[in-house]
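K.L.:
One letter stands for each residue in the lines below.
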Amino acid sequence: MTATVTRPAPPRRQAGHGGGSRRDREMWVLMLPALVPVLLFSVGPLLYGIGLAFTDAEAGRNHVTSFVGLANFGDLLADDEFWSSIRIGLVWAVSVTVLQFLASLGLALLLNQRLWFRGLARVLAVVPWAMPPVVIGLMWRLVYHPDAGILNSTLGTDVNWLADFTWALPAVIVMGVWSGMPQTTVVLLAGLQGVPRELYEAVEVDGAGTWRRFWNITLPQLRPIIVTITSLDFVWNVNQFSLVYVLTQGGPGGRTRLPMLFAYEEAFRYGFFGYAATLGLTIVIVVLALLGFYLWRQLREVS
Amino acid sequence: MRLKSALAAAAIVALTAACGGGGAEQEPSSGEPVKLDFLSLAWQKESVEANKQLVEEWNKANPGVQVTYVQGSWDTVNDQLVTSFEGGDAPDVIHDDSPALSGFAAKGYLLDLKDKVPAELRSDIPQPAWDTVTFGDGKGGEGVFGVPFLQESHVIIANKKLLDAAKVRIPTSGEPWTWDEFADISKKLTKGDTYGVAWPMKSPVNKTLNLALNFGGTFFQTTGGKTTVKVGAEEKEVLQRIHDQLYKDKSADTAALGMGTADPLPGFFADKYAMLPVGVFLRQQVAEQAPDGFEWVTLPPLKGVSAEQGAVSQTLSVAADSKHPDEAVTFISFFLNGPNQAKLARGDWLLPTSVKAASDPVLTTEENGWDVATASGKNLVVAPFLKVNGFDEWKSKVATPVLQEFYANKITIDEAAKRLVDDGNKVLERYQR
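In order, the protein sequence lines correspond to chains X and W.
Take UniProt numbering: the final residue in the first sequence is number 303, and no numbers are missing along the way.
Take UniProt numbering: the final residue in the second sequence is number 433, and no numbers are missing along the way.
Think of the hints as simulated: they come from the structure by calculation, not from any bench.
Remember, it's a predicted structure, so these values are computed and weren't measured experimentally.
Be aware that one or more of the hints could be misleading.
[Said to hold, decoys possible] Listed below are several chain W residues computed to face chain X (Cβ distance under 10 Å; list not exhaustive):
#1 184
#2 188
#3 290
#4 320
#5 392
#6 396
#7 400
#8 402
Every residue gets a Cβ at the ideal spot worked out from N, C-alpha and C, and that includes glycine.
Starting from the given sequences, assemble the full structure and let the hints guide the process.
P.N.:
Next up, the structure:
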């Protein structure tokens, strides 16, 4: 299947543009080292996965895989577990993205002020970024631990946060917000520093207060950056796996089973590879649709 | 990168499929020793030591067959095995448990040991234990896909001082408590800050299903080759009794419901809970962690219509892909002979399947309740759910949430029964196409 894609387009021979064909060839030669791994390790498996979505591939030696067309998609639409995981996934992705954005914007504005130890504070803000997701998950497991956790001892409560049907998802969302803040903050901070000073000086002459300055200068100036980072965050959050896997494994009773955890379970716990691939493909389509709509609206408002 | 994790599942399959094809290795020439990988899931310190020591012993005595000890973990073993079976690099000797074997057997990943187990080992392990590893091979036949060696029964660990103070009858293996008696005594023990019993139900399914056999509750029925979920009067019995203790008698602490098996121990040592219905292995943690002067006893399993409990076994299996299956079986028969099983059972505080091991004086002493624990082994029968294809998915998608909600008093017993059956049958259907 991959062969059709991996073959680079033959260099065109164009009369009259003798130099062009040589340049083409050189370009391909130069791109080859970068292209081969991409085709081999990204595009290949990607196409294989898409293909898999239309088969009934299963784990096991006794199973003969056959093409089933759209049957997997039909099963998926009728699967309550799938819808509930999509619902959980959207609640998770939207709330994490929004909260992450608001918290990061606040932090970025703060770090953009002339504070004492600003350098140190900026470094500290990036620390969560340096941690692998598994470490973050384990750390938060300690925070939420019913007996030894810092949260219960601070609040004086006795809640088993991660095993509680109501609290598990909010608890996981808080962790998600925390772990994703650094990159959002850094990007917004960079954006803030790119806002021309003259604009602020101009409105100060008009006597505008802090709020007006923020609303009329900072936000519109940051807009392209905000759109970019929230879209990226949203995609990352929909596809989040490791954080939640370490923290709850999708429990209790599937209340934190994000779509990717669902796909993982289908493939590697129950062995339904074809069905899991369908799920993956469906998530891609859902994300593309939501993102397309969001970007389209943002672009329309700009123009 | 993360963008692509959407298709990570498929990507890994693609890669493993690609790698699996080219893995043909050369047979070692006659002078070189055969090499076997042994994936062990031992995790308690004593048990890891016992395992490693046995491997070392074998390696010394058999220079021609060298075994490498590979440490695995119960949490991830089945995911890990699916990928390594598909990739063709599974370990030769695999430690797992019988519920997992049924799926792997049907998928053709494991070697049928029916005609390979030596007679001596075969006769040392009674037939009910062999039943826990006998499964369909996915091609219409049946086979034996592992050697069962450690089993768990549910006993009651109790605070001796509180029992004595309440002047209750101390049960014996010959005359155990009935469930009615247990409910009465739990009520009697509930006083002040003390609850009679704590039911740690973080993972409620296996515990509930194994105990349900006390009243003949099987939860599954097979008619005409089609398996369906069944929740009738027999199945509801244990569910209702535990629920009554929580909400009617109030002799069980509802706060303990979300706990894992070992979590109520601090409360148990602090006289907050008088009794813990738990697996025999928990005796190890009780013996190790109990404060000085704390007296505890192991009480035999409860009796309903019978004292029968569903049993699953820990097992050693051989991968179908193993290049040295005969050497692997020989290693297993050494590893699981009578004296060695006694060592392993002691290390894990579980019950050996071997008849010889069970008569080992260490496993029949009164100390730490070994006599009661070992005697409870006779109540073990093969758990009906073992033979159900798709049980794992039913358990995690349907039964775990339903039972958790039921024990948390969020749904009624009839709602619970309806969901276990309706949602459950939908799950099972996928495996019977």
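K.L.:
Minimum Cβ distance from residue 400 of chain W to chain X below 10 Å?
P.N.:
For residue 400 of chain W, the interface hint holds, since the closest Cβ of chain X sits about 6 Å away, which is under 10 Å.
K.L.:
For the hint on residue 290 of chain W, does the least C-beta distance to chain X fall short of 10 Å?
P.N.:
violated, 18 Å
K.L.:
Does the interface hint hold: is residue 184 of chain W within less than 10 Å of chain X, judged Cβ to Cβ?
P.N.:
With Cβ-Cβ at 30 Å, over 10 Å, it is violated.
K.L.:
Does the closest beta carbon of chain X sit nearer than 10 Å to the beta carbon of residue 320 of chain W?
P.N.:
Holds, about 7 Å.
K.L.:
Any CB of chain X closer than 10 Å to the CB of residue 402 of chain W?
P.N.:
Interface hint status for residue 402 of chain W: holds (8 Å vs cutoff 10 Å).
K.L.:
Taking 10 Å as the limit, does the beta-carbon of residue 396 of chain W come near enough to a beta-carbon in chain X?
P.N.:
Given a least distance of 8 Å, the restraint on residue 396 of chain W holds.
K.L.:
Go through the hint on residue 392 of chain W and say holds or violated, using the shortest Cβ distance to chain X against 10 Å.
P.N.:
holds, 7 Å
K.L.:
Can we keep the residue 188 of chain W interface hint, with Cβ of chain X closer than 10 Å?
P.N.:
violated, 27 Å
Checked against the numbered hints above, the structure violates hints 1, 2 and 3; every other hint is satisfied.
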